[in-house]
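Peer 1: Line by line, the protein sequences give chains X and A. With numbering that gives the first Met the number 0 applied, the first sequence corresponds to residues 0 to 478, in that order. With numbering that gives the first Met the number 0 applied, the second sequence corresponds to residues 0 to 50, in that order.
Be a bit skeptical, because a hint or two may be false.
[Unchecked claim] Listed next, with one range per pair, are the computed distances between beta-carbon atoms:
#1 X:K148 <-> A:E38: 32 to 40 Å
#2 X:A235 <-> A:E38: 37 to 45 Å
#3 X:D395 <-> A:A11: 52 to 60 Å
#4 A:L49 <-> X:D114: 47 to 55 Å
#5 A:V39 <-> X:R363: 31 to 39 Å
#6 X:R281 <-> A:P33: 22 to 30 Å
#7 A:V39 <-> X:T62: 34 to 42 Å
#8 X:S346 <-> A:V39: 47 to 55 Å
#9 X:D114 <-> A:P33: 41 to 49 Å
#10 A:V39 <-> X:P404: 19 to 27 Å
#11 A:D32 <-> X:E278: 19 to 27 Å
#12 A:A11 <-> X:G258: 54 to 62 Å
[Claimed, not checked] Taking lysine-lysine and the DSS-like style, the derived pairs with C-alpha atoms no more than 27 Å apart in a straight line are:
#13 X:K298 <-> A:K45
#14 X:K16 <-> X:K184
#15 A:K45 <-> X:K386
#16 X:K16 <-> X:K157
[What the hints assert, rightly or not] Cβ-to-Cβ under 7 Å is the rule here; a few derived chain X residues that face chain A:
#17 G380
#18 A381
#19 L398
Derived from the structure by calculation, the hints contain no laboratory data. Cβ atoms here follow ideal geometry from the backbone N, Cα and C, with glycine treated the same way.
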Amino acid sequence: MIFDGYEAFRAADFAPKACILGSGPAGTTIARKLSAAGIPVVVLEAGSREFSNDSQDFYRGITVGDPYFGLDVARLRFMGGSSNHWAGWCRVLDGLDFAPKAWVPDSGWPIGRADIEPFLPDVRDILDLPAFRPDVPVSDEMRWVQLIKSPAVRFADKFADELDRSRNIAVVLDTYVTELAGDGKRVTGARLWSNGRDAGSLAVDYFIVCTGGLENSRLLLWSNERTNGGVVPNAAALGRYWMEHPTFEGGNAILADYGAFEVDAVNEAFFSPTLSAMERLRILNFGIRLVETPYPGVKRIIADLACVAPDMAEWTSSQLSQNLRCAAQLHVAWEQAPLASNRIELSRTDVDHAGVPRIELHWRKSELERRTLLEGLRLFGATLARKNLGRVRIADWILSGADYPTNQETAGNHHMGGTRMGTDVTTSVVDADCKVHGMDNLYVGGSSVFCTSGQANPTTTITALACRLGEHLGKVIAN
Amino acid sequence: MTILIKTVSRRAIVRALAMLPALPLLRGLPDSDPDEIVEVDGWILKRSDLA
Chain X
0 MIFDGYEAFR AADFAPKACI LGSGPAGTTI ARKLSAAGIP VVVLEAGSRE FSNDSQDFYR
60 GITVGDPYFG LDVARLRFMG GSSNHWAGWC RVLDGLDFAP KAWVPDSGWP IGRADIEPFL
120 PDVRDILDLP AFRPDVPVSD EMRWVQLIKS PAVRFADKFA DELDRSRNIA VVLDTYVTEL
180 AGDGKRVTGA RLWSNGRDAG SLAVDYFIVC TGGLENSRLL LWSNERTNGG VVPNAAALGR
240 YWMEHPTFEG GNAILADYGA FEVDAVNEAF FSPTLSAMER LRILNFGIRL VETPYPGVKR
300 IIADLACVAP DMAEWTSSQL SQNLRCAAQL HVAWEQAPLA SNRIELSRTD VDHAGVPRIE
360 LHWRKSELER RTLLEGLRLF GATLARKNLG RVRIADWILS GADYPTNQET AGNHHMGGTR
420 MGTDVTTSVV DADCKVHGMD NLYVGGSSVF CTSGQANPTT TITALACRLG EHLGKVIAN
Chain A
0 MTILIKTVSR RAIVRALAML PALPLLRGLP DSDPDEIVEV DGWILKRSDL A
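This is chain X alone, in the form it adopts within the complex:
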């Protein structure tokens, strides 16, 4: 069932056992799992069926620190959430991403990759993915890794009919939870704002917050402030350890054999380090996207020349009325160090139309990440050279220690952390089952529970964790 507002839902007299906040990949997946377990669930979606500027305005906020995207464009606030604009790049976090690393403070998850692997067949069905293939070692220190360019499932498009037909799931659009009420043990209700006005409150047995990697922290911070800690009793880490995947051009390369690595439909191949390399160099995980330009014949020679003598190549290509670039470019995206100082705070000066404080995001890249970028490129370059696969040139700005360019990708629109998973209440918000520490009926879904970011795009892991949480909750609620 899909309702266009809370009034219509209330009139339907549907009695849910659980309330999911948000209809993105995490919320929709958990709802479908609960429905499969026979549990009636309501999904409250703050936006409507389609994009609107009015709805997006609730996401405005500011960033303090490094340059970042506008917070109202880095995510989407309508049915299906940010699946409506994701690129569809899929890869599960590596096993090594879950392991604690002595050289990375506050790293390590309370679960391992093995805990989500049983759900990967489900994830493939949900995201329309082909089979995952194992990494291919290039050396003892570098891997050629798979990153699937999927059709980018829009969750509302794919599942709207199923949700509408469901007798166990009620999706309620234009219904924004402005705050949760709680007594330090249980959430007792959710305050609602629907179709532009206060819509009362909703009380159910279980609440699952799946509003996104920024919004989860915002809602819980505000709810905690309003209830004097009644929603997140152990709030030391709430909003903290926020992470992204910084992404910049790292240099270029000449390859000895442009057929050495199978590239995807847009001539890209991906490479990451092994755990032993990360340990030896004391760096974070990273992903190098090698973008080949498939020039044939003499154009290839000129394009290779462009790597070493760009002026000469420009003159030569102009004689051919061509615009040829160096034949392979390297883009690097890397894991961010989990730092408590990278955090979501509530604005003290600005609120949205419902009176909820907007986000003030404090975000900076660290020295460890800068070293990861440089040493990662050196490692990749040395690997290609030793194997005679090619030669790499590192971009000048990286070698010189100059500031990050402001005209490049910057980051991935990947919002992770803020309600991270763990066993230590001073550095985490939820436990290994995604239940908020100290609360009996409050769970969190989505990438805000990530302890570390790894280098992989997050949606695949978000969906796997949602499958796991959905099946877990199905058993908990049924009992």
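Since the structure of chain X is provided, determine the placement of chain A on it from the hints.
Peer 2: Here is chain A on its own, set in the frame of chain X:
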């Protein structure tokens, strides 16, 4: 110098002087591993790339 001449035979000194024109040939010999990785102007190369 006097001590050196006294301890080294004249024949040995003449032989050494006769070999001097051949010294540049030694420059062609590798003074380190040709597979050693070196960094030149941002390029990650093997030393043999520089030969």
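Peer 1: Next, verify each hint and record whether it holds.
Peer 2: Here is what the structure says about each hint:
no. : hint                         : result
1   : X:K148 <-> A:E38: 32 to 40 Å : holds, 33 Å
2   : X:A235 <-> A:E38: 37 to 45 Å : holds, 43 Å
3   : X:D395 <-> A:A11: 52 to 60 Å : holds, 54 Å
4   : A:L49 <-> X:D114: 47 to 55 Å : holds, 50 Å
5   : A:V39 <-> X:R363: 31 to 39 Å : holds, 33 Å
6   : X:R281 <-> A:P33: 22 to 30 Å : holds, 29 Å
7   : A:V39 <-> X:T62: 34 to 42 Å  : holds, 39 Å
8   : X:S346 <-> A:V39: 47 to 55 Å : holds, 50 Å
9   : X:D114 <-> A:P33: 41 to 49 Å : holds, 47 Å
10  : A:V39 <-> X:P404: 19 to 27 Å : holds, 23 Å
11  : A:D32 <-> X:E278: 19 to 27 Å : holds, 24 Å
12  : A:A11 <-> X:G258: 54 to 62 Å : holds, 59 Å
13  : X:K298 <-> A:K45             : holds, 26 Å
14  : X:K16 <-> X:K184             : holds, 18 Å
15  : A:K45 <-> X:K386             : holds, 10 Å
16  : X:K16 <-> X:K157             : holds, 25 Å
17  : G380                         : holds, 3 Å
18  : A381                         : holds, 5 Å
19  : L398                         : holds, 5 Å
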